[in-house]
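Below, each chain spelled out in residue letters.
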Amino acid sequence: MPKTSLLVVAPLFGFLSLAGCGDTSPSLDDPANNTIGAATDRATALAMACSGCHAAQSDAVVSLDEYGADALRDALRRYKTESDGTTVMHRLARGYSDEDVDLLATYFDTEGVEP
Amino acid sequence: MIGLDRRSLLKGLGLGAAALTLPFQAFARSKANIVVIGGGFGGASAARTLATLLPSASVTLVDANPVYTACPFSNLVLGTDRPLSAQQFGYDSLQRLGVTVVTALATDIDPVAQTVTLQGAEDLTYDRLILSPGIDMRWNALEGYDEAAAELLPHAWKAGPQTTLLRQQLDALEDGDNVIMSVPTAPFRCPPGPYERASLIAHYLKTRKPRSKLIVLDAKDSFSKMALFQEAWSEHYPDHLEWRGASDDGTVARVDAVGRALETDFETFYAPVINVIPPQKTGFIADRAGVSDATGWCPIDPLAFESTLQDNIHVIGDATIAAPMPKSAFSANLQAKICALGVARLVSGLSPEPTVLANTCYSFTTPDEAISIAGVYSNENNALKSISGAGGVSPLAADKTIRAQEAAQARSWFETITSGAFG
Chain W
1 MPKTSLLVVA
11 PLFGFLSLAG
21 CGDTSPSLDD
31 PANNTIGAAT
41 DRATALAMAC
51 SGCHAAQSDA
61 VVSLDEYGAD
71 ALRDALRRYK
81 TESDGTTVMH
91 RLARGYSDED
101 VDLLATYFDT
111 EGVEP
Chain E
1001 MIGLDRRSLL
1011 KGLGLGAAAL
1021 TLPFQAFARS
1031 KANIVVIGGG
1041 FGGASAARTL
1051 ATLLPSASVT
1061 LVDANPVYTA
1071 CPFSNLVLGT
1081 DRPLSAQQFG
1091 YDSLQRLGVT
1101 VVTALATDID
1111 PVAQTVTLQG
1121 AEDLTYDRLI
1131 LSPGIDMRWN
1141 ALEGYDEAAA
1151 ELLPHAWKAG
1161 PQTTLLRQQL
1171 DALEDGDNVI
1181 MSVPTAPFRC
1191 PPGPYERASL
1201 IAHYLKTRKP
1211 RSKLIVLDAK
1221 DSFSKMALFQ
1231 EAWSEHYPDH
1241 LEWRGASDDG
1251 TVARVDAVGR
1261 ALETDFETFY
1271 APVINVIPPQ
1281 KTGFIADRAG
1291 VSDATGWCPI
1301 DPLAFESTLQ
1311 DNIHVIGDAT
1321 IAAPMPKSAF
1331 SANLQAKICA
1341 LGVARLVSGL
1351 SPEPTVLANT
1361 CYSFTTPDEA
1371 ISIAGVYSNE
1381 NNALKSISGA
1391 GGVSPLAADK
1401 TIRAQEAAQA
1411 RSWFETITSG
1421 AFG
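Chains as they are written, first to last, in this note's numbering: chain W, 1 to 115; chain E, 1001 to 1423.
Rather than coming from a laboratory, the hints here were simulated on the basis of the structure.
Fair warning: this is a prediction, and the values are worked out from it, not measured in the lab.
Yeah, the Cβ is synthetic: ideal placement off N, Cα and C, and Gly gets one too.
Do not rely on the hints blindly, as some may be mistaken.
Label-pair ranges, simulated between beta-carbon atoms [stated by the list, open to error]: (1) 1065/E <-> 71/W: 23 to 31 Å; (2) 71/W <-> 1171/E: 48 to 56 Å; (3) 82/W <-> 1385/E: 23 to 31 Å; (4) 85/W <-> 1222/E: 44 to 52 Å; (5) 86/W <-> 1246/E: 40 to 48 Å.
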């Protein structure tokens, strides 16, 4: 999970300028807040859009867990670049940068992860 | 471990093969007190995401009803044998996740004291409030159409008893008598919804009352997926569906509910069954919270869907001013998740971050064929913006198999999104 360390650190800069948040007392020293940074990072937020349709395998929609990172990256890039493609996935993939495609491909990679 | 945690979150939200069990890993120790009002595709999903992200926080979901009746696919209840029970979902799984579910009508909100008044239950306080109130009808905005009129001429634009009433009226229709539908100007819940409904009512008439016809009186001259719908209508329903736009005297100016009549500028239309889709606004509790503006809808900063009018209140779903993102169940559900990520960050001392959002809406043109529209949106700089080059609708003049595939995708989407929100 190479990108998480960056995403854990980056949001901490934002914290210094924030006023109080309800009755919570966030602390820079609290590792729980680092974990929230990772649990809400860009890859997670991007993947939320996929979760509207892609869960368990159905006859019509694939489970993203069954792709490896490379295969998912290739599939999304193909959807993005096939100029005559008309499926929902073609229309959606054209809205994502190569960097975001990479984040999503890595995010859904199940290698070494227990289900 | 961090990667594992992120994956567990998505699995807990229904994105993964083993979606139903959720490992309670302590992401954060925030003791924040978060109240969500409205248990539809937005509110249920916001509560679930927050309970998953912040297991130490207090997450309360408030809805007036113990069972939610979903609007997507309810046009199939009107036009086919789909039962209304297939639209209904409870909140048991949210309670198992640790969400406190309160069945009570929220009647008032004090945004300064940060309190919620409930009818027949203890008042609530909040650190952060998420409103997912859906729509209310703007009674009498269309002259003659009020709550009493809706019992005679149903809107069926909130699924439930109104859906059943309209279906009963269709079942009682004499073959040869007509059905009329009135459609308002935008914005309203589910932009392609009236035209999916028109398609499926026309299907109902074609198969069960073949001498009857549906007349759609529209206050607009163009609508969502228009070319695709009109292509389907000329193929399937040339004798059962007539659409009249605003420039063809389609704008309904007045309703006579008792007389079962709709009046345009130049004509009066009578029919035993009339479906009036009225002008709409945000659910009233948003007005009580002071988060709606003169348009009747709620302005938000789409980074975390925070109200621009009140502190510590977020608004998601149909109630928001989120165009170009449409008022759809898909949008409400995704806005809920992005809002929940933002709220989890805010109560943990982190700032919300920009992301990319998307929407996909399928519409049935027959029980076995569907068409779709998709969009992709950025949420930076205080505005949702369509990402250029992305999005669009199904191809025209497509092979039947493409329409059947999109119908299968639509059914799969309904299963996924309802099990993700309620299952």
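Here's how the hints hold up against the structure:
Roughly 43 Å separates the CB atoms of residue 1065/E and residue 71/W, a value that falls outside the hinted 23 to 31 Å. Between residue 71/W and residue 1171/E, the C-beta spacing of about 50 Å keeps the proposed range 48 to 56 Å intact. Distance hint check for residue 82/W and residue 1385/E: the Cβ-Cβ separation is about 24 Å, which falls inside the suggested range of 23 to 31 Å. Checked against the hint of 44 to 52 Å, the C-beta distance between residue 85/W and residue 1222/E comes to roughly 26 Å, which is inconsistent with it.
Remark: the range hint 40 to 48 Å for residue 86/W to residue 1246/E is contradicted by a beta-carbon distance near 30 Å.
Of the numbered hints stated above, those contradicted by the structure are hints 1, 4, 5, listed in ascending order.
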